[in-house]
Each structure stands twice: as C-alpha cells, then as structure tokens.
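Undergrad: Here is how the chains run, residue by residue.
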Amino acid sequence: MPAPPLRQTELVRPWNGWPAVPQKTLRVWRSADPLPEPLTGETFLPFGLGRSLSDVCLNPDGILLRTPAMDRFLAFDETRGSIRCEAGVTLRQLLEFLTPRGWFLPTTPGTSQVTVGGAIANDVHGKDHHCNGSFGCHVTRLELLRSDGRRIECSPDAQSELFRATIGGLGLTGLITWAEFRLKRMPSPFLDVESVRFDSLEDWRRVAQEDSAWEYTVAWLDGTRAPFPGIHIRGNFAASAPTGYRMRRDAAVTVPCYAPGWLLRPSFISAFNRLKLLGQPAMVKKNRQDFQSFFYPLDRIGNWNRLYGRRGYLQYQFVASHERALGLLRRVLETAIASRQPAYLVVLKTLGPSTSAGLLSFPMPGLTAAIDFPNLGKPTLDLFSRFDEMVRTAKGRLYPAKDPRMSAAMFRDGYPAWREFSRHVDPAFSSGFWRRAAGNTP
Amino acid sequence: MSKKAVIFGATSLIAEHTARLLAAEGWELVLVGRNRQALQAVASNLRLMGCAPVHELLGDAADMSALPQLVDSAHQLLGRFDLALIAWGSFYPNPDARQIQEMERINHTAATALAELLGEALAQQRGGTLAVLSSVAGDVLRPANFFYGSTKAALDADLRKLRLKLAPRGVRVLTIKPGRVETPMTAFAPRSFLTATPAATAAGIRRALQGRRDVVYVPGWLRAAFFVLRLLPKWLVSRLRF
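Chains S and C supply the protein sequences, listed in that same order. The working numbering applies: residue 698 is where the first sequence begins, and numbers increase by one. The working numbering applies: residue 3 is where the second sequence begins, and numbers increase by one.
A portion of the hints provided could be inaccurate.
Claimed, not checked - Ranges of calculated distance between the beta carbons of each label pair, as one might list FRET restraints:
{"id": "1", "chain 1": "S", "residue 1": "G846", "chain 2": "C", "residue 2": "S240", "range": "42 to 50 Å"}
{"id": "2", "chain 1": "S", "residue 1": "R943", "chain 2": "C", "residue 2": "M3", "range": "18 to 26 Å"}
{"id": "3", "chain 1": "C", "residue 1": "E27", "chain 2": "S", "residue 2": "K973", "range": "50 to 58 Å"}
{"id": "4", "chain 1": "S", "residue 1": "G738", "chain 2": "C", "residue 2": "Q103", "range": "47 to 55 Å"}
{"id": "5", "chain 1": "S", "residue 1": "Q977", "chain 2": "C", "residue 2": "R208", "range": "28 to 36 Å"}
{"id": "6", "chain 1": "C", "residue 1": "E27", "chain 2": "S", "residue 2": "E850", "range": "31 to 39 Å"}
{"id": "7", "chain 1": "S", "residue 1": "F965", "chain 2": "C", "residue 2": "G222", "range": "38 to 46 Å"}
{"id": "8", "chain 1": "C", "residue 1": "E122", "chain 2": "S", "residue 2": "D758", "range": "52 to 60 Å"}
{"id": "9", "chain 1": "S", "residue 1": "Q977", "chain 2": "C", "residue 2": "G28", "range": "38 to 46 Å"}
{"id": "10", "chain 1": "S", "residue 1": "A1106", "chain 2": "C", "residue 2": "S240", "range": "38 to 46 Å"}
{"id": "11", "chain 1": "S", "residue 1": "R882", "chain 2": "C", "residue 2": "L166", "range": "51 to 59 Å"}
{"id": "12", "chain 1": "S", "residue 1": "K973", "chain 2": "C", "residue 2": "L238", "range": "39 to 47 Å"}
{"id": "13", "chain 1": "S", "residue 1": "P1124", "chain 2": "C", "residue 2": "G81", "range": "30 to 38 Å"}
None of these hints come from the bench; they were simulated from the model. In this text, a Cβ means the ideal position worked out from N, Cα and C, and glycines have one as well.
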C-alpha cells in the first residue's frame, strides 16, 4: 500500500490576491482515479489554475482537489472540428495543438492560462460573445466524477439537467474529468484589427453600432474622468496570411515580487490612461496583430497581478440590459470618483443573445463592464456595496468568478435558478463562495 | 530518419513529459509500462500530438526474468535505439521491511539489471545514450529518505561502473538527478517552492540529453546545493528535516 496522501496546507490566493486562505489540498492524478476518501465533514472543490478573481476557487476549511496531471488529449476530429481532452488541459496547451492545424478555440477569455475544467465551471466568455456565446455553448459532452463514485456522462441530450448545472456550475456538481467541445476554423493566426477612439459613453454606443461585421470586439475606457473617453477595439481573423507562425512563450517577463503600495497611485493611473489615449491620436487606427497579442496581451507578463501589491485588487463585473447598462456604468464610475477611489481599468463588452445551457451562467443579453480597483480593504468593500444597490435597481447581476464578497441576496436576485441548481450540487462539494452565497438556507 | 527511443517506466509523469518533448521533435518511441490502461492513456495522447509512431509494450520491472525479453521486443520494434531511458522509481517515507525490499528491487537491482542489458544493446550498435533517472537523494543520505537514498546511491555506483565499461564502446551513460518533483510518488510528502513540476524536469532532461555531462542535476543548481550538503558534518546532516 502506498503511503496516505498528505493533506498539506498552503496559502492559496485567487488571481486578484484576496482573500488569502490557508488551504488543504489533495491531488487527483489521473482522470481514471477515484476521488480521495473524505474525512468526516470534509468537502472538496476542484482547483485548476486559480485564475478566478474570487473565492469560487477557494474552499476554506475544506479540501482543494488539484489535477496537475490530468492534461491529456483524448480525441481530435480534424474534419468535424471537435476535441475531447482531460479537464486539466490548459487553453494554452490547446492553442499550441490546434492553431498549427488551422483550428481555434470556439471562444476564448482574455487569458490562455486557464484549464478546460475552469472554463466550463465558470462558463467563461470572450470578445466574441455577441457572435459565438460563451464557452459552455460549445461543450458537447463531459464526464463528472461524483463523490459517491459514479462517473456520469452529461450532454445536452443525456443527463441534461446535470449538464446544465455543471456549465457555469462553479465546480460544485462534481469533478469534471474530461470534456468534448466544438472548435472553430482559424483561417490565419493573424487578425485585422481596428481601434476607434471615442470621447464619451454615448460616443461609444455610436461606435459600437457599427460592430455587426466584427467577430471580436471590446472597449477599454478611462474611468478616472467623466465623460469617460476610451478606445473601442475590434478584430476579425485575416482571410489568409503567411503560415508557419510559432507561438511565443508566455511569461517572457515576470513581475518578481509584490509591488510596493505607493506604486499604483490614482494619479499614476490617470496619467497612464491619458498617455494611452494620446498614443492613438487618430480616430481610427488599423493594423494586423497575431492572435496572441490580440487575445492574450497580459499572458506575456508572469504574475502581473503582483503589480497591485500584496493586498491585491478587486474587480467589479456586472451585466445589465442594453437600455440600463450605460447609465448604470456612468453612476458606478462617478460614485467611484466621488469617493476618491477611481477605477483603474474599465473594460466594456456587448453580450449577445445566445445564452448557454448553464443554470448559473453569467452572460445575458446586454452590456457587461469589468472594473478593477486596488484592494484598500473596507473602503473598497463599502464602495462595492453602494454599487450593489445600483446594480439591483438596474436589474443587473454580478459575475461569481469575479466577486469574492457578493452577498447572498445579490446572488439570489441575479440567479433565480440557484435553487434548482442547488439540487445538483454534490453533497461532498462546496466552496467559500457557495457557503456565503447560498449555503446555510433551505 | 527519425530518432528512436525506448522508455521504461513510461507512465511516470517525468517519463511522460519527456516523451512529449521527444514526440514533438518527431522521435519514434517505444513505451514500456506495467499498467495497460495507464500506458494506453499516455500513448494515445502522444499519438494525437505527434506524427511519429508510438508503440506500447507491457512489462513489469519487478519481473527480472522478463527483462531480456522486453529489451528484445523493444529492439525489434525500433531496429535501433538512439536513447534508452529508465524512469521508474519507488519511494516509501517510513518503510517496513517489505517496502525496503521493494525499493531496493525497483530502484536498484532491476534498474541496474536493465541498464546492463540496454548498455549491451547500445554497445552492439556502437553508440547511443543510456539515461537513467536516479535522484539527489543518493548524494547525501538524510533522515527524511534514508532507505530511498541508499537504493539510489547504489544505483549511482552501478551506473559509474557501467559508464567506465561502456565508454570505450561509444555508449554514453547519463545519470539524471532530479530533486523533489510533484508526482504521485511524492504525494505523501510536503511540497515547497523548491518542488519542481514534471514538465520542468522533463525539459531539464531534454537539455541534458544534448549536453556532454555524465551526471546531470535537474534543476542545475542542485549540483551546488548538494556539493555543500556533502561537506556538512554528520551531526548536522542527521538533524536535517528535509
């Protein structure tokens, strides 16, 4: 008999750096392995690369299940464009495999440093949501390993209820061992990109109306001063371009340690934003970018989250309907400025009509804004509570994967299907987020 | 013509990641392992990733009498070996008598016997590399892994002997010494920031294959660290906690 695995305690932080939790971890090495034996009262939570910005990836007082070796490809259908792989495979691994063969991810978030299991559990979306929906829209099959030892193959047709709960299910319905999903043809590794300056949120709406011909769109804006000018970026894969593209290494430079608190001062950010806008004097700029620069600019800098210092940062991401979202965003940013905690980074994205099967899936038709703040502790949390009221009034909702402090009321208002979802939660699985947002009520 | 390698203990994570690097370069591989299902999983992933053939060969390190047959079968599949890699190991933290025996057999006796056979096969084709996964544990025996360390120390000594014997016949014998790697073998032991990933270790092995050294530490700074450890007085070594 091999020695019993050690329940080692490590300090684990989500990508935003807060909260840091001493966390016991266990490994599940192979997708064919059983789950470890839980001790009495112990709960599990799968943990991929920990890129979420909230405690959806933490399980204080419980166990994190890590799967560093579940990283194999199982099947690839080159003609139909479909791949089956273990849940620990990263999007980076997939890109290295797929792009030389002329295929691309069905949709992709802004980093390739996430696992397939994590992409499904958070039903991630990307710059193409208005065309292609979220990641969960493209999953055709997956296998769940439940704590009672059962392996359940779920798809939109078989075990569909469990399938719907698992897409965006925050890892709570069991361990995803493998998944199969559709791919997208990639005509070239390059994209034709157009950047359009806008002077205000109204101006952005005008610019974004011409988006219909563009598959990938996103807007960045300066949240430190009204009326919030910014740059709208849109791209399409180039029809054809020279092949033989070799992917660059990720994390070519790495932030070696936590930046001191004074480095990212509001005045610096404001100056940086102005410089960024000055960097594009023309109203419209066109260029050609490789897909790595376009989709994953931050993957080139290892541990960039350390720039926010030891206390990390908090992101506030909401979605609201087209009619209400811009007004809501303006109120949120103005409130932040008035309370002397201006937003450091604001990203705005149109979400399309196609919603995934996921019961707890975040995207809904409308606009989503993701707003970064350095974590100042209580002042930031108080500010977020004021945002919460505005989002509730606007009938919007928050993204669990980005929110380590969302209240139970916010969660239940935003996700009325949570009660149906909770019936599918594996009794031996839980998370910090889940216990806060839905836990101790019937 | 593509290069060819046989890998024993191919379902270990370090071996699997090394195989991925070789497959990506177009090497033809024979993977030897004792668990059919695990072997298939490793091989089919490699087949999807690469274009050169990947063969599976079922065999158990514990069965010493089967080793010549295994080497023969692998040789028939490939025709020649550019590289033969032995990458199996066994580790118990506080072993009882039976576990000590198992570590001794797998880490030392069987590995040495297989190395002899492979060395002879390489010598007959007048060249090639025999690479064996040992461990830094054999350099300085420490309380945390006394018995494991002594089996690896014995393996190191046998490989030195084999190197002297085979060098005139054009065979390179490469001893690879990783530190702690995050694998099922060390799942009971605490990890620290010094614990390496299998992928990084495999990359170190791949570089070592191209280099000229006979004994390679992965990562390289372990060479200096264990040089210093060897100089420590024994009252200090016997108190080491790692």
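Undergrad: Please check whether E122(C) and D758(S) have a Cβ separation lying inside 52 to 60 Å.
TA: 57 Å, holds
Undergrad: Does the beta carbon distance between E27(C) and E850(S) stay inside 31 to 39 Å, or does it fall outside?
TA: 36 Å, holds
Undergrad: Starting from the range 28 to 36 Å, see whether the pair Q977(S) and R208(C) falls in it by beta-carbon distance.
TA: With a Cβ separation near 43 Å, Q977(S) and R208(C) fall outside 28 to 36 Å, so the hint is violated.
Undergrad: For the pair E27(C) and K973(S), does the Cβ-Cβ distance stay inside 50 to 58 Å?
TA: 42 Å, violated
Undergrad: Between G846(S) and S240(C), is the Cβ distance one that fits in 42 to 50 Å?
TA: For G846(S) and S240(C) the Cβ distance comes to about 45 Å; the hint holds.
Undergrad: Evaluate the given range 18 to 26 Å for the C-beta pair formed by R943(S) and M3(C).
TA: 24 Å, holds
Undergrad: Could you check the hint for me, namely that A1106(S) and S240(C) are 38 to 46 Å apart, CB to CB?
TA: 60 Å, violated
Undergrad: Does the Cβ distance between G738(S) and Q103(C) fall inside 47 to 55 Å?
TA: 39 Å, violated
Undergrad: Determine whether the Cβ-Cβ distance between Q977(S) and G28(C) falls within the hinted range of 38 to 46 Å.
TA: Roughly 44 Å apart at Cβ, these two residues keep to the hinted range, so it holds.
Undergrad: Does the Cβ-Cβ separation between K973(S) and L238(C) fall within 39 to 47 Å?
TA: For L238(C) against K973(S), whose Cβ atoms are near 56 Å apart, the range 39 to 47 Å is violated.
Undergrad: Is the gap between the beta carbons of R882(S) and L166(C) within 51 to 59 Å?
TA: For R882(S) and L166(C) the Cβ distance comes to about 58 Å; the hint holds.
Undergrad: May I ask you to test the hint 30 to 38 Å on the CB atoms belonging to P1124(S) and G81(C)?
TA: 56 Å, violated
Checked against the numbered hints listed earlier, the structure breaks hints 3, 4, 5, 10, 12 and 13; every other hint is satisfied.
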